[in-house]
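Sequences listed follow chains X and U, in order. Quick note: the first sequence, position 43, residue 43 per this note's numbering, numbers continuous. Quick note: the second sequence, position 130, residue 130 per this note's numbering, numbers continuous.
Incorrect hints may have been included.
Chain U is nowhere near these chain X residues, computed Cβ spacing over 10 Å in every case [unchecked claim]:
no.: 1; residue: Asn4
no.: 2; residue: Pro25
no.: 3; residue: Ser43
no.: 4; residue: Phe64
no.: 5; residue: Thr69
no.: 6; residue: Arg71
no.: 7; residue: Ala77
no.: 8; residue: Val85
no.: 9; residue: Val89
no.: 10; residue: Ile98
no.: 11; residue: Arg109
no.: 12; residue: Pro155
no.: 13; residue: Ile211
no.: 14; residue: Gln242
no.: 15; residue: Arg281
Ranges of calculated distance between the beta carbons of each label pair, as one might list FRET restraints [said to hold, decoys possible]:
no.: 16; chain 1: U; residue 1: Val250; chain 2: X; residue 2: Gly256; range: 29 to 37 Å
no.: 17; chain 1: U; residue 1: Gly17; chain 2: X; residue 2: Ala30; range: 41 to 49 Å
no.: 18; chain 1: X; residue 1: Val42; chain 2: U; residue 2: Arg183; range: 42 to 50 Å
no.: 19; chain 1: X; residue 1: Ser206; chain 2: U; residue 2: Pro63; range: 36 to 44 Å
no.: 20; chain 1: X; residue 1: Ala146; chain 2: U; residue 2: Val249; range: 24 to 32 Å
no.: 21; chain 1: U; residue 1: Arg161; chain 2: X; residue 2: Leu117; range: 24 to 32 Å
no.: 22; chain 1: X; residue 1: Val42; chain 2: U; residue 2: Ala66; range: 34 to 42 Å
no.: 23; chain 1: X; residue 1: Pro155; chain 2: U; residue 2: Asn235; range: 39 to 47 Å
Just so you know, these hints were derived from the structure itself, not from any lab. Bear in mind that the values here come from a model prediction, so they are computed numbers and not experimental data. Beta carbons: idealized from backbone N, C-alpha and C, even for Gly.
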Amino acid sequence: MRTNRFNTWLYRHKSARAALLLALPVLWLAVAYLGSLAVMLVSSFWSVDSFTGNIVHSLSFSNFHTLLTQRVYSTIAIRSIGVAVAVTVIDGLLAIPIALFISKVLKPRFRSVVIALVLVPLWASYLVKTYAWRSMFADGGVISWALKPFGLHGPGFGLPATTITLAYLWLPYMILPIYAGMDRLPNTLLEASSDLGATARRTFTSIILPIIYPAIIAGSIFTFSLSLGDYIVVKIVGGTTQLVANVIADNVGTAGNLPFAAAMALLPIGTILGYLFIVRRSGALENF
Amino acid sequence: MYLSRRARMLLATLTFGTLGFIYVPLIVVAINSFNPSRSFSWPPQSLSTVWWGRLTESNGVLPAIATSIKVGLGATAIALVLGTCIAFAVSRYSFYGKNTLSLLVIFPIALPGIITGIALNTTFHTFLDPLNKELALWTVVVGHATFCIVVVYNNMLARLRRLGQSLEEASQDLGANIFQTFRFVTFPLVRSALVAGGLLAFALSFDEIVVTTFTAGPGTETLPQWIFNNLFRPNQAPIVNVVATLLIVVFIFPVWLSQHYSQDGSAGGRL
Chain X
1 MRTNRFNTWL YRHKSARAAL LLALPVLWLA VAYLGSLAVM LVSSFWSVDS
51 FTGNIVHSLS FSNFHTLLTQ RVYSTIAIRS IGVAVAVTVI DGLLAIPIAL
101 FISKVLKPRF RSVVIALVLV PLWASYLVKT YAWRSMFADG GVISWALKPF
151 GLHGPGFGLP ATTITLAYLW LPYMILPIYA GMDRLPNTLL EASSDLGATA
201 RRTFTSIILP IIYPAIIAGS IFTFSLSLGD YIVVKIVGGT TQLVANVIAD
251 NVGTAGNLPF AAAMALLPIG TILGYLFIVR RSGALENF
Chain U
1 MYLSRRARML LATLTFGTLG FIYVPLIVVA INSFNPSRSF SWPPQSLSTV
51 WWGRLTESNG VLPAIATSIK VGLGATAIAL VLGTCIAFAV SRYSFYGKNT
101 LSLLVIFPIA LPGIITGIAL NTTFHTFLDP LNKELALWTV VVGHATFCIV
151 VVYNNMLARL RRLGQSLEEA SQDLGANIFQ TFRFVTFPLV RSALVAGGLL
201 AFALSFDEIV VTTFTAGPGT ETLPQWIFNN LFRPNQAPIV NVVATLLIVV
251 FIFPVWLSQH YSQDGSAGGR L
């Protein structure tokens, strides 16, 4: 009875069971995926032969030299981080009132209906939603049509359109953690605050905000990093605007410069890891 | 907390304002799909279903949908196996690097798609070029599976933590071996979490464009790629509206279904 012996052996050896479970995932994630990331990081020190177009596999700092000395790249970097920050702030300002309204004002039986109403359409396809904003911002689109009676023009395609569309896309990533955080906040705490004479504003700033702070940070990780890495939205509604992810995407492919793209990619990676490092202490990472 | 009437009204107004912000663009797309005019104009002068009738004759939509379904099924299958393995290992065993692994699972989705995309692109080229092979459908499946693992993992981990181990221990005390215990005790208890995780993984894959762009071979076109490629062609705009409207309706269903199946309240399930 070979299978029985195998079963018994497995039953007795806990570490063997764990090893069997882990072998394939570790091979996939730690070896293949992390390995790919490592190759990409290393390739940022390579360069491209300007005559043959082949990649030269030898240490060179030329990519970083270009990135640091040409003004256009620092402008693009600052613009991209600015967009990511703006998107995060807009989403935070939209998400907090909604979460507060649903969890603390609405009666429990309406809660799940309204939260579904808020979240379900936001799970619609990423590309469809971006396309929807193209119809909004287009010349002769909904926004310019709505503003026409007031003698105003829509902003058209550009940086504002990109920021609004990104904020729209990542809003659920902000609403979900904040709503979950508010839902966990006991009502008795808020009642105690009122009983002790605090105004609604004081209760909000001294009780609610400090408690949901990790949830806001958790949401901001998504809105920030997703905005920083996006190049589809800016292509669809951004007009000629250039962001970091555009530059990366345009440098991949036969005509491009993969080592330069890899060097440019270090900026979003570095910024996101730096952000994670800063917020690590807030306890936001345990929310995942 | 006592909120004045004015504060409640303000919160309600903000909430319904945001609901408008959420719904208006999607409704505009849906209305536009009934706009008979070829050129983009708002508001539509009349309504007709002419473009809906031409959906199937438009070149490329149906093959793109087929490609997306193939990729989604492949990626979901891999993600189900790998995500479940990690969830079991993390919830049932203690091992060196456990925290690192649970962080590593989130990585492919926490890092921008473009990073995962070009990292995989570089690696595929490194291994495939010497063999004179090109990127193809399976390279997209590999890319998608990598970021789908996390949704299966999260759903399973939540379920396994909630279940505890007492039922499995009881099964083994009564003489069932490890595989019997899994087959007759554990699996039925986690089945609905698997369904929820699988549906979300499929939805995530079906929707993805960035990793797809960098891992797809020539001739491989998923539905999001088809939309992106036809978006800028004025001639195709009416059909894009129809496909987009169809997707809005189709997408909402699996999300609703997966919420129905996962009773763990894991933040909407997608992450």
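How the hints compare with the structure:
{"no.": "1", "hint": "Asn4", "verdict": "violated (7 Å)"}
{"no.": "2", "hint": "Pro25", "verdict": "violated (5 Å)"}
{"no.": "3", "hint": "Ser43", "verdict": "violated (6 Å)"}
{"no.": "4", "hint": "Phe64", "verdict": "holds (17 Å)"}
{"no.": "5", "hint": "Thr69", "verdict": "holds (23 Å)"}
{"no.": "6", "hint": "Arg71", "verdict": "holds (23 Å)"}
{"no.": "7", "hint": "Ala77", "verdict": "holds (14 Å)"}
{"no.": "8", "hint": "Val85", "verdict": "holds (16 Å)"}
{"no.": "9", "hint": "Val89", "verdict": "holds (15 Å)"}
{"no.": "10", "hint": "Ile98", "verdict": "violated (5 Å)"}
{"no.": "11", "hint": "Arg109", "verdict": "holds (17 Å)"}
{"no.": "12", "hint": "Pro155", "verdict": "holds (15 Å)"}
{"no.": "13", "hint": "Ile211", "verdict": "holds (12 Å)"}
{"no.": "14", "hint": "Gln242", "verdict": "holds (14 Å)"}
{"no.": "15", "hint": "Arg281", "verdict": "holds (16 Å)"}
{"no.": "16", "hint": "U:Val250 with X:Gly256: 29 to 37 Å", "verdict": "holds (35 Å)"}
{"no.": "17", "hint": "U:Gly17 with X:Ala30: 41 to 49 Å", "verdict": "holds (46 Å)"}
{"no.": "18", "hint": "X:Val42 with U:Arg183: 42 to 50 Å", "verdict": "holds (45 Å)"}
{"no.": "19", "hint": "X:Ser206 with U:Pro63: 36 to 44 Å", "verdict": "violated (59 Å)"}
{"no.": "20", "hint": "X:Ala146 with U:Val249: 24 to 32 Å", "verdict": "holds (25 Å)"}
{"no.": "21", "hint": "U:Arg161 with X:Leu117: 24 to 32 Å", "verdict": "holds (30 Å)"}
{"no.": "22", "hint": "X:Val42 with U:Ala66: 34 to 42 Å", "verdict": "holds (38 Å)"}
{"no.": "23", "hint": "X:Pro155 with U:Asn235: 39 to 47 Å", "verdict": "violated (27 Å)"}
Checked against the numbered hints above, the structure violates hints 1, 2, 3, 10, 19 and 23; every other hint is satisfied.
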